[in-house]
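Novice: Bring the two chains, given one by one in their own frames, into a single complex with the hints.
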Amino acid sequence: MDDPTLTLDPEKLRTTVKGDALGDNLQELLVNMGPQHPSTHGVLRLLLHMEGEVVTDAVVHIGYLHRAMEKLCERRNYFQVIPLTDRNDYLCAMTNNQVYCQAVEKLMGLEVPDRAHFIRVIVMELNRIASHLIWLGTFALDLGAMSVFLYCFREREKILSFFEEICGARLTYSYMRIGGVPWDLPEGWGDRVRAFVEGFPGYLEENDQLLTGNEIFLSRTRGIGLLEPEVAVDYGCSGPTLRGSGVAYDVRKAEPYAVYDRLDFDVPVQHTQDCLGRYLVRVAEMRESCRLVRQSLDLLPAGDVMAKTPKTLRPAASEVYTRVESPRGVLGVYLVSDGTTSPYRLKWRAPSFSNLQAIPHMCRGWKIADVVAILGSIDVVLGDVDR
Amino acid sequence: MSVPAEEAIRQRYPDAIEDFRDAAGMPLLTVSGDSILTVCRQAKEELGFDFFDCLSGVDQKDRFEVVYHLWSTTRNESLLLKVILDHDEPVVDSATPVWVGADWHEREAYDLYGILFAGHPDLRRILLPDDFEGYPMRKDYLETD
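Those protein sequence lines, which keep their order, are chains A and B.
At position 328 of the first sequence (counting the first as 1) the number is 328 in our numbering, and the numbers step up by one without a gap.
At position 97 of the second sequence (counting the first as 1) the number is 97 in our numbering, and the numbers step up by one without a gap.
Pulled out of the complex, with its shape left as it was, chain B reads as follows (with noise of 0.2 Å):
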């Protein structure tokens, strides 16, 4: 436990940390796509980063980013995960099979960005009706009156 999680983290997978950074006062990672979903299950079953708080779709233009907010319930500690996924296809491991909470929060970036999310179980669009075209948060949507 005296080890930081994202010094644990950066040991255990020193190639697939791309960035460390501090967010006023909050480790964020900046982890490859293709190791997401083992850092996400050592972040849960090693680190005990068990509260699955929130997750976040961001349109950076030439790149997608996804945020995974983590927190711990036994260390009282906050971890942000950050992966950047490809601006035409934005393609990413779902983190449902890790925290059953992704869940809906991975939906609300598929629904909003076009984020795709492989292997989750039921990926549909959760706030926007069904017959939707396009994805509103990014940027270059162009707004209908």
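Chain A extracted, bound-state conformation (with noise of 0.2 Å):
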């Protein structure tokens, strides 16, 4: 870590080329990357303006993924839009689940079980901790570190199936219900949770050497793409990506829901505002969320793990709007109702399209191949930027 071939300073790195360095005779290339590049993960168009290798402005372009979700949700009931939930960011629909739950669940005053909110937490957790192993293998792949790849998914495996049991799907969980959760966890699953988060960590710790005792990748993120505190948060930038510039945000901490207000954790920041130290802050976060789950399974009371609804849902004309911590930042629900059985209307704030945005920000100045770093270091799932 301590190569003093690496501790350059990150100014220094940032490359500004002017015209007249390269003769008058500089042509400005406009160079697209996707919408089918592997390392856009997903369906995202850079338009990138070039002198040389240097890029001098990034146009983003996005909706090549849009499904009309929230046209959709004034369609249907309100036990009818958990199923679309999970398909907006769909590496976390456990959390996508709770809080469009927990939007309907403020408007009706709902009280949910103690037994569900803890359920709700360790599930989350859980599914945190499957996002970020699929962000670590593909931003390792993204930068030439193939084996990584595959250790994360045999982890992420173990997750998927622990969900299988409790809900029969392997990504799009539908878990959640308005009220609390259906089922109650199956025998022995907490064991073989606790089994799992007691292990984990040291597999992370064997992963994350692999990268940062890597003088390969050190070079390609130490530095690079660096996102101001006071930039990020005039982009509304969440999640890692602004715990990576700095400021500590993160809503279990800012406005507890659930039954995070009761449990001990600490939000990881890094002050590096580069690619790095977003890669920091997520591991961070894993060995986080295992602490979570397992003060979650030592408290997890007995009791219901669902309240009483009744079978058909007429919140009172009114509106709400909640927010949770997604793995990708500050995931919200603006949901207003007009009384009948259906959403009026019900907006998504997605972290991952404000995250998005501070891209051509991030770009300007540094190479193309960087532009493959920094867009890997935000996290970004366009199901959740498109919706």
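Warning: the hint list may mix true and false statements.
DEER-style ranges, computed between Cβ atoms [as the list claims (entries may be wrong)]:
| no. | chain 1 | residue 1 | chain 2 | residue 2 | range |
| --- | --- | --- | --- | --- | --- |
| 1 | B | Arg-41 | A | Leu-171 | 37 to 47 Å |
| 2 | B | His-87 | A | Arg-75 | 17 to 27 Å |
| 3 | A | Ala-195 | B | Arg-12 | 55 to 65 Å |
| 4 | B | Arg-75 | A | Thr-172 | 33 to 43 Å |
| 5 | A | His-271 | B | Glu-89 | 42 to 52 Å |
| 6 | B | Tyr-141 | A | Pro-310 | 26 to 36 Å |
| 7 | B | Arg-125 | A | Thr-312 | 48 to 58 Å |
| 8 | B | His-87 | A | Gly-52 | 46 to 56 Å |
| 9 | A | Leu-30 | B | Val-3 | 49 to 59 Å |
Quick partial rundown of chain A residues pointing at chain B, CB under 8 Å, derived from the structure [unchecked claim]:
| no. | residue |
| --- | --- |
| 10 | Lys-71 |
| 11 | Tyr-321 |
| 12 | Tyr-334 |
| 13 | Lys-347 |
The set of hints was computed from the structure by calculation and includes no laboratory data.
Beta carbons: idealized from backbone N, C-alpha and C, even for Gly.
Specialist: If you want it as structure tokens, here you go:
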């Protein structure tokens, strides 16, 4: 880590190219990256303005995965919306379930039983680990570290099997219901999860050494893609993208939902503002998630897992805005009810949407190869962006 | 800091505030369309609402609503601002001079609702193709198969 060649001043690393340095006949080149480029993690198109190998501007084109989710929600009743929420940010369906159920519960004034709250925290934190593992694997893959990807998927499989046991699905869970969760945990599930979270930090340590002990990885991430804290806040960036810039904003601490106020955990922050900082924040977050799962299993009370919920939901005409911390940042729902059985308006505040908005700022002045690292470091999910 | 943000705005611009209510725990101020930019500036510069969380368009059939979801990193508080717009001519000042993050959110509201944001640097469709006709999130939009 302390190799002097790797501790260059980030400001000096940022390339500045003036027109006259390359002669007067310098031509701006437009390069299309995507929508089928593998490093765009879905279908995203970046139009890069290049001067030589240096990016002078980037124009982001989105919408390739737009499925009119918000319109569909207006055509369905409150219960039928839950399966749609899974498909927004398909890497963390549990958090999507949570934010929607939480919004309706707030609107209806429903009290969710404690046991359901703890179960929700356990599955959301496991989902956070699974989501960060996909990110870790693909981020490393983007930068040429092949083996990490396979190790990450091996660990993620275990989490998906836990989810399969509780709800039968491996990706689109629809596990939560308005008022709680539909089924209690299977026999012995808690012990198997406990064994997993006991062993996981050790695995993470090994994996971390593969990358933070790797000179290539460090030189591709350290000091690259700077995002200043005031700019990040101005754009509404959140999650590890914001915390990698030194702003300790985490909804779980700022506006505790479920039972996060009863659990002891830290919010990892890095002040380096670069790709490496965002990497370190996510790795530390996985360790914190393990702590949260362990504590929740210890505190898991007995009792019901569902509140008494009417068979037909007709919330009084009113509105609510609520948010949770998804693996990518602030995930919000603005729900307007008109007293009927369907939401009148359901707006998703998608973390990837706001984070992606800062990409042109982060890419300017960097080489085209760095764009791959920068895009990977904000962990964008296009289903979440386009909705 | 001791005065709640919604109170500070009401004292400063008594004529601009049309309504105040509590939206399940969050203060919601309805601001007149003429003063929204001034109120946004005060919210950011004096009251510390630096985090532009989100912007939502709502079609209420006889009117449009634009809701600004704000958060403050210094106060750790949320604030909702709402503007009511004419249904035939939905125009409101763009909040991009205050928060750069308003850019894409306003483009989305334009794309799906046809709400115009005066002073927006690049108001074009964002999720739908450029040649798409109509504004699909409007309640009177006719769906084609």
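Novice: Taking the hints in turn, state whether each one holds.
Specialist: Okay, the hints, checked on the actual structure:
Separated by about 44 Å at the C-beta atoms, Arg-41(B) and Leu-171(A) satisfy the suggested range of 37 to 47 Å. At about 22 Å, the CB distance of His-87(B) to Arg-75(A) agrees with the hint of 17 to 27 Å. A hinted range of 55 to 65 Å holds for the C-beta pair Ala-195(A) and Arg-12(B), which are about 58 Å apart. Roughly 38 Å separates the CB atoms of Arg-75(B) and Thr-172(A), a value that falls within the hinted 33 to 43 Å.
Checking the proposed 42 to 52 Å range against His-271(A) and Glu-89(B) shows it holds: the Cβ atoms sit about 47 Å from each other. For the hinted restraint 26 to 36 Å between Tyr-141(B) and Pro-310(A), the CB-CB distance of approximately 31 Å keeps it satisfied. Our hint of 48 to 58 Å for Arg-125(B) and Thr-312(A) is violated, since their Cβ atoms are close to 37 Å apart. Look at His-87(B) against Gly-52(A): about 51 Å separates their beta carbons, and that is inside 46 to 56 Å.
Our hint of 49 to 59 Å for Leu-30(A) and Val-3(B) holds, since their Cβ atoms are close to 51 Å apart. A cut of 8 Å between beta carbons decides the hint on Lys-71(A): the least distance to chain B is about 6 Å, and the hint holds. About 6 Å separates the beta-carbon of Tyr-321(A) from the nearest beta-carbon of chain B, less than 8 Å, and the hint is met. With a least beta-carbon distance of about 5 Å to chain B, the hint placing Tyr-334(A) at the interface is held under the 8 Å criterion.
For Lys-347(A), the shortest C-beta to C-beta distance to chain B is roughly 4 Å, which falls under 8 Å, so the interface hint holds.
Violated hint for the displayed structure: number 7, the only one.
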